[in-house]
Amino acid sequence: MNEFPLLTLVIWLPIVGGIVVLASGEKSPSISKWTALFFAVLTFLLSIGLWIGFDSNTAQMQFVERSAWIPTFNVEYYLGVDGISMPLIVLTTFITIFVIVAGWEVITYKPAQYMTAFLIMNGIMVGVFSALDGILFYVFWEAMLIPMFIIIGVWGGPNRVYATIKFFLYTFLGSVFMLVALIYMYFQSGSFSILDFQEMQLGITAQTLIFLAFLLAFAVKVPMFPVHTWLPDAHVEAPTGGSVILAAIMLKIGGYGFLRFSMPITPDASASLTWLIVALSLIAILYIGFVALVQQDMKKLIAYSSIAHMGFVTLGFFIVFTIAQNPALSSGSIMGIEGGMVQMISHGFISGALFLCVGVLYDRVHSREIADYGGVINTMPWYGAFVVFFAMANAGLPGTSGFVGEFMVILATFRADFWWAVLAAMTLILAAAFTLWMVKRVIFGEVKNDKVAALKDIDQRETFNLAVLAIAVLALGIWPAPLVNVMHTTVENLVVQVTTCKLPSSERSDCVLTHPEPIVAVPNN
Amino acid sequence: MQFDVANLIAILPEIAVLITACLVLVVDLYLQDKNKDVNHTLTLIGLIIAIALTGVVGGGDRQIFFDGNLIQDGISDLLKGAILVVSVLGFIYARPWLKDRDMLVGEFYVLGLFAVLGMLVMASANSFLTVYLGLELQALSLYALVAFDRESKKGAEAAMKYFVLGALGSGMLLYGISMLYGATGSVEFGAVAQAVSEQGMANEVLVFGIVFLVIGIGFKFGAVPFHMWVPDIYEGAPTPAVLILGSAPKIAAFALATRMLVDGLQELHADWQGMLLILAVLSMGLGNLVAIAQSNIKRMLAYSTISHVGFIFLGLLAGSTQGYASAMFYAIVYALMAAGAFGILLILSRKGFDAETLEDLKGLNDRDAWYAAMMTIIMFSMAGVPPTVGFMAKLLVLEAVIRIDLLWLALVAVFFSVIGAFYYLRVIKFIYFDRAVLNAPPLVTTGGVRFAMTFNGLILLMLGLFPTALLSLCQSAFI
Chain A
1 MNEFPLLTLV
11 IWLPIVGGIV
21 VLASGEKSPS
31 ISKWTALFFA
41 VLTFLLSIGL
51 WIGFDSNTAQ
61 MQFVERSAWI
71 PTFNVEYYLG
81 VDGISMPLIV
91 LTTFITIFVI
101 VAGWEVITYK
111 PAQYMTAFLI
121 MNGIMVGVFS
131 ALDGILFYVF
141 WEAMLIPMFI
151 IIGVWGGPNR
161 VYATIKFFLY
171 TFLGSVFMLV
181 ALIYMYFQSG
191 SFSILDFQEM
201 QLGITAQTLI
211 FLAFLLAFAV
221 KVPMFPVHTW
231 LPDAHVEAPT
241 GGSVILAAIM
251 LKIGGYGFLR
261 FSMPITPDAS
271 ASLTWLIVAL
281 SLIAILYIGF
291 VALVQQDMKK
301 LIAYSSIAHM
311 GFVTLGFFIV
321 FTIAQNPALS
331 SGSIMGIEGG
341 MVQMISHGFI
351 SGALFLCVGV
361 LYDRVHSREI
371 ADYGGVINTM
381 PWYGAFVVFF
391 AMANAGLPGT
401 SGFVGEFMVI
411 LATFRADFWW
421 AVLAAMTLIL
431 AAAFTLWMVK
441 RVIFGEVKND
451 KVAALKDIDQ
461 RETFNLAVLA
471 IAVLALGIWP
481 APLVNVMHTT
491 VENLVVQVTT
501 CKLPSSERSD
511 CVLTHPEPIV
521 AVPNN
Chain B
1 MQFDVANLIA
11 ILPEIAVLIT
21 ACLVLVVDLY
31 LQDKNKDVNH
41 TLTLIGLIIA
51 IALTGVVGGG
61 DRQIFFDGNL
71 IQDGISDLLK
81 GAILVVSVLG
91 FIYARPWLKD
101 RDMLVGEFYV
111 LGLFAVLGML
121 VMASANSFLT
131 VYLGLELQAL
141 SLYALVAFDR
151 ESKKGAEAAM
161 KYFVLGALGS
171 GMLLYGISML
181 YGATGSVEFG
191 AVAQAVSEQG
201 MANEVLVFGI
211 VFLVIGIGFK
221 FGAVPFHMWV
231 PDIYEGAPTP
241 AVLILGSAPK
251 IAAFALATRM
261 LVDGLQELHA
271 DWQGMLLILA
281 VLSMGLGNLV
291 AIAQSNIKRM
301 LAYSTISHVG
311 FIFLGLLAGS
321 TQGYASAMFY
331 AIVYALMAAG
341 AFGILLILSR
351 KGFDAETLED
361 LKGLNDRDAW
371 YAAMMTIIMF
381 SMAGVPPTVG
391 FMAKLLVLEA
401 VIRIDLLWLA
411 LVAVFFSVIG
421 AFYYLRVIKF
431 IYFDRAVLNA
441 PPLVTTGGVR
451 FAMTFNGLIL
461 LMLGLFPTAL
471 LSLCQSAFI
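In order, the protein sequences belong to chains A and B. Residues 1 to 525 in my numbering are what the first sequence lists, from first letter to last. Residues 1 to 479 in my numbering are what the second sequence lists, from first letter to last.
This is chain B alone, in the form it adopts within the complex (with noise of 0.2 Å):
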């Protein structure tokens, strides 16, 4: 291997992670209980640096380095900033909720910052060993974080679950690799590519491989029937790590999928299209249909998720450029209202009390009305209503469906999203239509929480009505 400048050049956001990562590390040991806060703000240094060398670094043509590893194109470039952008909204909403409890120690944000490297790695990786690399050093630092709040035994339950289902989903993820390794005697993409052009689907390893890849996405997405995971551990992990694996991650869940199966196996779109739709199919019928039931807002919001991952796949198995950017955006989008629909729980919470079921909400109005016009906002965008961007992102999943013709898709899709209204809808019944209980306190919110979550609202409803910016950013990544 050999070894040239450009090749760290390519990686500098991923090498200004680390960078923050072990100095937040090292610095936390020598810093005195009551000046925490500096690996707050070193944190939000390092990744703010991160999100600017990210448009330094990127915008040229496509590139590939460290011997066909990694790789340099639009869709790495809007990625890392995307999942940077998340996750320094993320560090902020977290920051109140941490010093509440006395948690605002280093290896949260430690952890963090090692799940963020581990996803930008993915943005970039451009063969199944860097690709599961970067994953597991997501999911690796996502499990202890997870457990992070040490006294908590629904926590401790939680992380446990998420460590065994993860790594069974890693282990499948592996398996499939190792077959198609065998199949066509590389791990790089590109090669993977071509073996797969000059061979087609006569190889029926070929053939295993990409459904145990498939289910592997499926269960890192949280994707019926692979969801199992995912209600469990956003209802028992503490908020903020909830928040922090409940939205970036999702963006890294998109490049696993598509640096696997757009790059590497885009020639065998016909085989593993029907095994997404099937999973699309299914995700958004149960995830709708069960939220209604949910009581515990972290609880329904996990549902909520998986119904997305099935408009994100919807995307994806399209199999066209616009399909691909269409998911993207939706990816994106996605990332950006969970980690607002969790900011307003950490919001609500205060010391001694975490805002977990949906009651939590009454009377936001009256409590704070502008954080009410923001969750309003994020509900309504998830519920996909116009002219909120969570319209934008199920008009260019549906305009790509029905594009190669599955009509049917596209209404079963739009029925289901129907049926998901509804508990979007309650959620704001509970903001506005209900009084606040007489005993709650007035919110105490710090002027950056307040700037992130109005940040965040207002995004939502700029790209809803000007979504031409983002959306052209998506489409020339997959030209």
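With the rest of the complex left out, here is chain A (with noise of 0.2 Å):
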């Protein structure tokens, strides 16, 4: 046990920074900008820390944190991360100061309230990786909106309140049957922690109904398909931060919202409805890949193409369920799970970085029209090998982080079914489609308009933004090791509670896991 309080720290000091940039007011701009860079700086510092005193040998929860909070109801503040929830946590404080620098000189109404709204978002976000109580993670997970909700509305385009509020509204309402869902365990198992929930026995109706409450908030997170609709609308209408921040984490969390709660808390439940979320994930990797070749303007197609990538994510969760039936091949469920994980980071890295890219010429032109431009190499060089190294990562090329996580969920789902592999591995021509042909009409050929012709290129802000998330990407993608193995005792944990059933003992005939009878858990503090 952790006497230190790092991972309050790093919820709070975003918080509070968000505070003090707020009251520093709109008068000078500059003093609000840095002091927002310095919280987002010292917050992801401090989240390094998290990284460097991890013990990637036990599965156990780790900078566990808990007290009491409203004890008439057993709510704890009960905080810690294993992991699963650690790399995602230094994920999002990273990607904050991309959002933070994006911002400097584009955002010129009320700059000091946007950089507090994305500060308050980090520190909501990274407790919503950390929260290990039912009604805290709820907590924090709806605070989420909030922020997001003023910065798409305030800062976004021309049709931002259809899309804000469309946004809030889809979230909101898949959220609050999880609610109902938490408050029916809390009474099947007397607390709000997540690791009781996990280790309680429930009936096959009762796990179904609660899997399907949280498949609702969770599939609008990620999104799946046919509840994907509101992420185009908000990319689209988002300012280019937002737009980072959405695709990077908050899609991420949907993810994290399955290996948490779905998975281990309703194995049975999970492994009988499978067949449905493979078939909403093939949906996403393959129709979702179609309707973005053609879009025509290019945020949206990102967001598609994240939708997409998502669907990836999903598979390689949710095969575990077909492999584990066949015990011989149950390195592959562990592969499907951490194939998913790296597909989530390597994702977060480069979304956002497309993001960034189409900032770039946004705030040059202010169009996201692909028909507007062509040509765009020859007046920004540098920007254009920016722009065509991120879309081979985005199409999943060998060497760069996207490859990896594909790759490995693609192997994982032969080991399940071949049809379902050759399915999704349709995304490598897919992606590759629809990213490199955007790149082609945008990036290559005659300058197309006079705008084009007036491009400038990069400055250094905005290269340094691109050139680290290049480095980054990079280096996932030659050398994933480190991450893997951080999350790797962790995964293989999670990989014995799903595949443990948690039927009472009546009903336990009819289960399908692998260890029908409950086995000694691995004690979580």
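One should not assume that every hint holds.
Said to hold, decoys possible - Ranges of calculated distance between the beta carbons of each label pair, as one might list FRET restraints:
{"no.": "1", "chain 1": "A", "residue 1": "77", "chain 2": "B", "residue 2": "205", "range": "48 to 54 Å"}
{"no.": "2", "chain 1": "B", "residue 1": "160", "chain 2": "A", "residue 2": "162", "range": "40 to 46 Å"}
{"no.": "3", "chain 1": "B", "residue 1": "435", "chain 2": "A", "residue 2": "296", "range": "39 to 45 Å"}
{"no.": "4", "chain 1": "A", "residue 1": "226", "chain 2": "B", "residue 2": "198", "range": "55 to 61 Å"}
{"no.": "5", "chain 1": "B", "residue 1": "462", "chain 2": "A", "residue 2": "205", "range": "37 to 43 Å"}
{"no.": "6", "chain 1": "B", "residue 1": "462", "chain 2": "A", "residue 2": "42", "range": "49 to 55 Å"}
{"no.": "7", "chain 1": "B", "residue 1": "278", "chain 2": "A", "residue 2": "26", "range": "50 to 56 Å"}
{"no.": "8", "chain 1": "B", "residue 1": "6", "chain 2": "A", "residue 2": "205", "range": "57 to 63 Å"}
{"no.": "9", "chain 1": "A", "residue 1": "26", "chain 2": "B", "residue 2": "150", "range": "42 to 48 Å"}
{"no.": "10", "chain 1": "A", "residue 1": "275", "chain 2": "B", "residue 2": "437", "range": "51 to 57 Å"}
{"no.": "11", "chain 1": "A", "residue 1": "226", "chain 2": "B", "residue 2": "436", "range": "35 to 41 Å"}
{"no.": "12", "chain 1": "A", "residue 1": "26", "chain 2": "B", "residue 2": "38", "range": "52 to 58 Å"}
{"no.": "13", "chain 1": "B", "residue 1": "52", "chain 2": "A", "residue 2": "468", "range": "56 to 62 Å"}
Claimed, not checked - Examples of chain B residues toward chain A, derived with CB under 8 Å:
{"no.": "14", "residue": "385"}
{"no.": "15", "residue": "387"}
{"no.": "16", "residue": "398"}
{"no.": "17", "residue": "399"}
{"no.": "18", "residue": "402"}
{"no.": "19", "residue": "468"}
{"no.": "20", "residue": "475"}
Because the hints were derived from the structure by calculation, they are not lab data. All values derive from a computational prediction rather than experimental measurement. We put the beta carbon where it would ideally sit given N, CA and C, even for glycine.
Quick one: dock chain against chain with the hints and give me the complex.
The following block contains the structure:
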């Protein structure tokens, strides 16, 4: 048990920082910007402490902080991280820096409020990843909507009001049912601790209903087909920073939810509904891939590409239940989940970078239409090089991080079902098609019009943003081992968890999971 | 009836409010027009003394005074405190509005104070007679307050409607009380409860009595289908009057319901539960759906009240101590939110202009970022989004409902709260996403108003983050 409340600090420091920035007012934008950057960097450095102090040999929760919050209902301020949440926290604090930098000169309307919103967002998202109490998780989960709602609505594009209200209501609708499920589970287990939830036994009907309630919440967030329609709207209308946060972090929270709640708490229901998730994932990969192909708007195209890539994540997670029915292949299930995790982190870098790239053009020309561009490479050579690199990563070029996750998931899927894997592998063609075609039309060719001819190449600030992300993409692509190692033990434990029957003894004869009898769980603090 | 000083000590807060009301009535006669602020100061001092006295007198064990007519327990202490605090906020918000219109006269304060007195009496009533006396004192004062702006035809119309429908509600209530008296032979809650537990449901008059009682409660809360008066009154009455009748009286209505149904008729919980359930579902549904269609923010808040009443009923119908405590928490929190929301409308108004439509909120963030932030907290709290206290209130109510295995009801409730979120979000849209109209003058407010609004907004946030203090008060009240 760590004495120093590092997680609390990583959550609340940016929130306090946000309030400081807000109090600094709009009178001196440069002071508020530098203060915001200071807090963002400090938070990132602190979160690096989580990585350094993390012990990757245990699946137990680390950096645990636990104290009573609402004692009458056994709600606790209960924080902790394992190998799944820790990398996501570092990703969050890392991406926030770029968001702050990206808004540096572009945001002229109330920059202090803009920076505040992102700092508060940062703290809340770290809270989501580190909460181990159901209600605490829900509070962070919902609180996240408030800054994002304001970010899209205030600094967004022309149709921002429609987009932001749609975004809010979609996610709100998804999550309130999760709240009911959480309260129901509280009455079954006697506490709101997520770890207690995971050890609880529930009948198959209850499990299925809880699974569906969670599915609604997480599927909206991921987003999965058919509840994905808010995402293109929100992405297109959001300011660049908002799009980056949405794509890089918020979508991951949905995926994280599956790993933390749906799969370990209701494994039997998950197993019996695997077909549904796999079907929805494959639809996301294939159908949404085709939808991306025909987009005229660059942001919309990347938004659809995000949905397709997140389809890989859910696919990687849920094939566990199919693979696990054949114990000889159990290493495949670990690979599936790890592949999904790597895909989430990598997509965080790549989609964030792509949205920053679109932002660079939008700041100069104020258009996101593909048709308004052409031959950008002639006037912006450095920029063109970065775009091509990130586009290749998005298409899953070996050597970039985009390849690692997809490859692991496809390999694992082969162990589950040959045809699923074939369909999933189609993405290598589709993603290449829609990304590279966009690059061809925007970057290459003759200089299309006067606006393109007048473009100036990226400045130092923008180069810094893109270069650091490019290094991250390359590093993860060439040497993913540190990331995989840090989560390996946790994922192993998770696979045991999700293949252990959680049905009560009366229904246990119906169990299809590998371990029909409850095994002695790893004690979690 | 024996006279006992202990009796008087128990009602010290009420006495303080009564003295203040009489004092204002007299002092006002001798005040010149430019000194009318004295009324305001006197009222606030009186109310703050009453709050202090509530703290001093309260906290003891459950005691009954005045031959069983008044009670002092955890419920009365907490409800009185909440009513007084919300009323203080209301009077502070109302002052600039009244001053701008040369209406800063004693009558407003006298009527307001008598209404507060009525509410306090309801909070500590221990017999049907006392509860009814308190109710009428409150209602009659509020009828007059609604008609306070003599020049306004809309106000007069609203007052008339309020009076007729309010009288109808009171009539129903009185009718129910008379039946209960006939069936049980007493108006005192303890005696009624005892008689009921001996007779059970055998007595048909008793059942009829409860039906009328619940109808009366429905009227006073403004629950569907007895809600017809709410939107019209909210729209027609001057905003300060709406502020006073839309906030603290909800706490008093909760007192009315909990005193009669819990103190008196807990035994028949199974019978009134079903009735409240229908009222709750209808209120949440109709309130949230119709609010979407409103462009007048006062009317929108009226429908929002109706939907919140549905949530309060959810806690009540659970019939457990947890349920009552959650409903109490909800009622108090709602009164704070309503006071803040109408307070913002008053801040936005100025001489010759009343903020009434959603459009009037346009660009509030540009005009005053702090008030914009406070209104945003209030709206998110009404929508039930964490980390505001509105979420905690909803969470507690849902918990109580799921505890008695009414899972479907919880699902209905969360579904309607999602629908409700839309119109609260729309308010925030006007505040943040729209730019102020060009000729909008800057907001002029006093330090007192700014302080009160800051308190009001931040307490909604603080209670959301640290609900334990208020929650344990609510829970200990019902144990």
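Hint by hint, work out which the structure violates, then give me just those numbers in ascending order. 3, 6, 12
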